[in-house]
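Student: Sequence:
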Amino acid sequence: MDRKSILREDACYSRRSRRMRLRSERSLLRDLLKISRMIQFALIVAGLFAGLIINSLADDLPQRVRPLAPHCHHCGFPYHRSQWVGLFALVVRRWRCAQCDAPMQWRRVVVEIASAAMLVYLFERFGLTVKFGLLSLLLECLLLITVIDLEHRLILYVTVFPAALIAALYSLFGAERELSKVLVGGAVGFAVVYAIYLFGWAFGAIAGRLRGQPLAEIPFGGGDVNLAGVIGLAVGWSGIVVALFIAVVCGGIGASLYLLIAFLRRRYNLFTAIPYGPFLVIGAVALLLFDSEIKNWLAR
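Heads up: the sequence shown begins at 3 in the numbering used here, then just goes up one per residue.
There may be inaccurate statements among the hints.
[As the list claims (entries may be wrong)] Taking lysine to aspartate or glutamate pairs in the EDC-like style, the calculated list, with each CA pair at most 20 angstroms apart, reads:
id, residue 1, residue 2
1, Lys133, Asp293
2, Lys36, Glu180
3, Lys133, Glu180
4, Lys133, Asp33
5, Lys183, Asp293
Source of the hints: derived by calculation from the structure; they are not laboratory data.
Model the full structure from these sequences, guided by the hints.
Tutor: Shown next, in the form of structure tokens:
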């Protein structure tokens with residue numbers, strides 16, 4: 003066999019080998035894509051059921067009753083199982099209570115969609131890692147705290163204590179911080195908002211005397227102080243100041259919009275208290291998901 007024939011055979015073998023390698027890589031990519039889609043679907047289902055649990059707890063915990071199966075918020079009649087997941091009930095047109103015909107709360111659907119979208123986003127961002135698992139649990143807890151605070155202006159110990167434990171575990175094993183930094187972060191968050199709480203209490207006492215009538219609520223409550231401690235555990239001492247800064251800015255914007263709308267609707271009251279828990283959660287979530295981007299922007 004001459005040299006040219008050998009070179010041609012080598013070239014043909016090289017092309018065949020390259021084509022086989024490309025087919026193998028494409029097949030592997032398709033398999034990985036299928037697995038990723040299956041995981042995403044499983045996370046969507048898990049997120050919907052997590053939303054179901056959050057909705058049930060948000061209905062029952064503020065009433066100081068043992069959590070029950072999903073039930074009508076108007077008459078308390080238990081929903082049929084096909085109505086447990088609000089999004090599914092909306093799709094199959096079983097949106098009303100069988101007892102009193104009251105419609106279900108739109109909050110149920112919003113929470114379920116938010117929960118499912120959050121899990122998918124965290125999976126795309128971090129993959130199936132310890133950080134993904136702990137951060138998912140923490141954000142689900144913060145979602146529950148937000149819903150209850152928006153509806154009842156309450157941040158309950160029964161929601162704060164599990165969130166604090168998960169926040170500490172996330173900070174230690176997800177973000178891989180030192181224990182001292184985690185504890186200092188929790189203490190700083192608690193102390194800063196506790197100082198604001200004391201200032202709000204003093205302001206409320208003075209304003210009540212000037213008005214001749216005590217204020218019904220103070221700007222910051224004890225629940226906000228506890229929540230700030232949880233956020234400090236989650237973001238550490240280096241992030242708690244930034245998280246609180248974001249919360250204060252968002253809270254100022256939210257309060258201004260609320261008072262503007264109340265003024266336009268002729269329901270303006272200067273001493274109206276609004277829930278600040280959701281704004282604390284916004285600051286925490288922003289820093290948990292976009293820590294480096296925010297710090298780089300602030301450092302400019």
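Student: Hint by hint, note whether the structure agrees.
Tutor: Now for the hints, and whether the structure bears them out:
Distance restraint check for Lys133 and Asp293: the Cα-Cα separation of roughly 14 angstroms lies within the 20 angstroms cut-off, and the hinted pair is therefore satisfied. A C-alpha spacing of about 38 angstroms is found between Lys36 and Glu180, which places the hinted pair above 20 angstroms, so the restraint is violated. Taken as a hint, the Lys133 and Glu180 pair is honoured in the structure, with Cα atoms around 15 angstroms apart against an allowance of 20 angstroms. Restraint check for Lys133 and Asp33: not satisfied, since their Cα atoms lie roughly 25 angstroms apart, outside the 20 angstroms limit.
Restraint check: the Cα-Cα separation between Lys183 and Asp293 comes to about 16 angstroms, which is no more than 20 angstroms; the hinted pair holds.
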